[in-house]
Amino acid sequence: MKLSSDVLFEQDVEVLIKEIKEQYGYDFSGYARASVYRRIKRFMGQKNLQTLDELREPLFSDSFFFENFLQEVTVNVTEMFRDPSFFLSLRQNVLPILSTYPYIKIWDAGCSTGEELFSLAILLHEEGLLNRTKIYATDINQKVLKQAREGIFPAKNIPASTKAYYAAGGKREFSSYYTSNYGSVKFNSELVQNVVFYPHNLATDSSFNEFHLILCRNVLIYFSRNLQERVLTLFDESLVSLGYLGLGKKETLVMSGISANYNPVDKVNRIYRKLN
Amino acid sequence: MHVQPKIVVIGGSWGGVKASLQLLEDLPANYSLPVVLVLHRLRNQEGQLQELFDLKLRLKAVEIEDKDILQSGYLYLAPPNYHVLLENDQSFALDDSELENYSRPAIDVTFKSAADVYGDQVIGIVLSGASEDGSSGLNYIFGKGGTVIVQEPREAEIETMPLAAIKATPGCRVMRLTEIKAFLQSLHVN
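Residue numbers (the UniProt record's numbering), protein chains in the order written: chain Z, 1 to 276; chain C, 1 to 190.
None of these hints come from the bench; they were simulated from the model. One or more hints might be untrue.
Said to hold, decoys possible - A short, non-exhaustive set of chain C residues, derived as facing chain Z with CB atoms under 7 Å: (1) Asp96; (2) Glu98; (3) Ser113.
These numbers come from a predicted model, not from an experiment. Glycine included, every Cβ here is placed at the ideal spot set by N, Cα and C.
With the rest of the complex left out, here is chain C (with noise of 0.2 Å):
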């Protein structure tokens, strides 16, 4: 890596929450990157995936609320009904405009919001899902220098999402969940 990335984003559906617990959970409580994550969820309910998250990663998972400041060692998830956008000083920005894709969390808008902030120092990595949510996203993280990956579709529960992904950006990694859980912990610096 010629570059030292800065925050990994990733986004997820159907299938996301298995395939992002899987790959975080070897993760060390004080991982040297910030890790956003976008799941889909229903609208209007209240998630009990802060918690379960919490329980499963060494990570500390919190649920996302305006203008919280990006730490290192923490898991942020998108909270349902907002979309979640990021600032130059560091801070989340949460948005409650109109749904893309069909979704609020969109996984779009926090991927081109992210790249716009940290340029080619964002990990985009695109899991599971039954959307297309996420690749013109990823797409745009790409045409900013950043490292994209996608998981392989043939191991994910969906793979909608993940050839969606590589359609947009053929340039991007496709790789097993071991694989980018592999990368991931690579990037970690004690």
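With the rest of the complex left out, here is chain Z (with noise of 0.2 Å):
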């Protein structure tokens, strides 16, 4: 049997989430229990704090503090063309008709810290459509948007990257695209000068244009199924009739309500298109 510390752990947290919700209007409600547990609880043990009272006191009292607990609580760990076959899919399946477009807009929704961000733009460069593609770029962290309009990323992950670029169809040397300096790169801004950052809450906030693509990896995982669906409800919003959504590798929009809407276009990388 679940133990009755761990249910109590769960109950607190609970009402930690309706205390976040009303201080600083953040609504944790509708994730997915086990990973909100599991990063809870990997925020305390880098803190040394034993219990959630523990936790509650900086919480409320520290607004840095909180940041940097909404920076460890959604996950933002993410890496550059992360599944070179679904940008390869992209790249021979849904950038050929965009282009028929005269204007192409792009909604990377959860963007994160840019690397995903960046891939896109690289794959619009090199198939001659960056010029006339606006992208809107939103996470509900301000930090990590922060981040992503840099496009300064660690050296580190440049061997993995540039192995990646290739997998997914890459044309030119890596390189030609980032400057490095001390143990980072920063990527060329003008892959971005096209890009809109802004914050936007997946869980709260509603549809604000229409696009032609909507890219959402690894996002909803973190939501529980009733957050899900009102997250591609609202995809479903934003998607003019044939546009294209894409989600991570293990995510589907099978069981969702809008599913009879959309065929899949790449069943393996999740792309489907919106039928009308």
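Fit chain to chain and form the complex, with the hints in mind.
Have a look at this one:
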């Protein structure tokens, strides 16, 4: 049986979620609990806190501490060209169709620190579409948005990124996209000159534009079924007819109410096209 | 056994595919417990593991999708590049956060999550591997009263992982694959 101490911990987390919403306006009630518990325990471990009461004190008296908590509890781990086959499929199956539009609008929802955004921009650049594309890069977290705008990533990730870039059909010298400096690399800021960065909370905010392509990869896994449904409906409202939706490799539309209006373009890579 | 187990979680790395195939080959198609298997794999590589396990076993082998519901008769394989967590409602939650023990999926993550949900009704098994992943998770299961089993290191293809697990949890049961297999079969309720 589940231990009573674990039941108590989980009940206390529910209280904490309510308090966070009241004080800071961030609503975690629709987040997948298994991940929330793990992230909170991990954060407490880092800060050497033994109980939720010990966490509560700094959390509600120190907004910097809360920022830090927010950053840790919402997972911000990402990499360039994650799942190269997804980006290859985007290049081969989606961009040629998007190129028929005079002007392309893309939403990178949950862009985190920007690795996916820069990967996408490189793809668009190589397919000659970057100049007539506007990308809306959004995240719940202001701090990661700032990082995404800067395009500075650890140099130690470059070998893996380079490999993934070529696996995704990369056509240039990968190093032509960045300059190296003291253990980090800075990607060419022209790649994101048509990108609008702004905070958007998928759990509470509404649709704000119409897009030809929405990317939201490995974000839904952190949400409950109900919140997933809300977000998918939001995407449905934000896509033009015949627009595309790209999800993470283990995320699916199948159980969703919007699925009837979508065709899988690439089943393995979870790329879907809206019918009408 | 004074408690009826609800789930079997197995972790392995180098040598773990072979060992788990051997371990699970005779379990009946309607085996009463869901089995979750976390094997280290190369990242960003499409695994053929699901097909292999599905072909060789009577259990239905599937690669876990986000929010899949745990059912008996299934072998659930951790997908490459995701940690696997369990929810109170018997569903899976995937997670793409930091590597643990240089791994994603990490065995520790799934072991701990299973123990949080099922308490003493978890059976955790550590098989062959060249890593120390799984040892702290196994100890966590042990701490919540679950059953913890480690493959006899002398029999394992690589003994590092079993040895680390035994060191972390001296109270674990050290068993040969044939013994673990018999134990798992003894838990089957028709």
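Here is what the structure says about each hint:
1. Below 7 Å, beta-carbon pairs count as interface contacts, and C/Asp96 has one with chain Z at about 5 Å; its hint therefore holds.
2. About 5 Å separates the beta-carbon of C/Glu98 from the nearest beta-carbon of chain Z, less than 7 Å, and the hint is met.
3. Hint status for C/Ser113 relative to chain Z: holds, with the closest Cβ pair at about 6 Å, below 7 Å.
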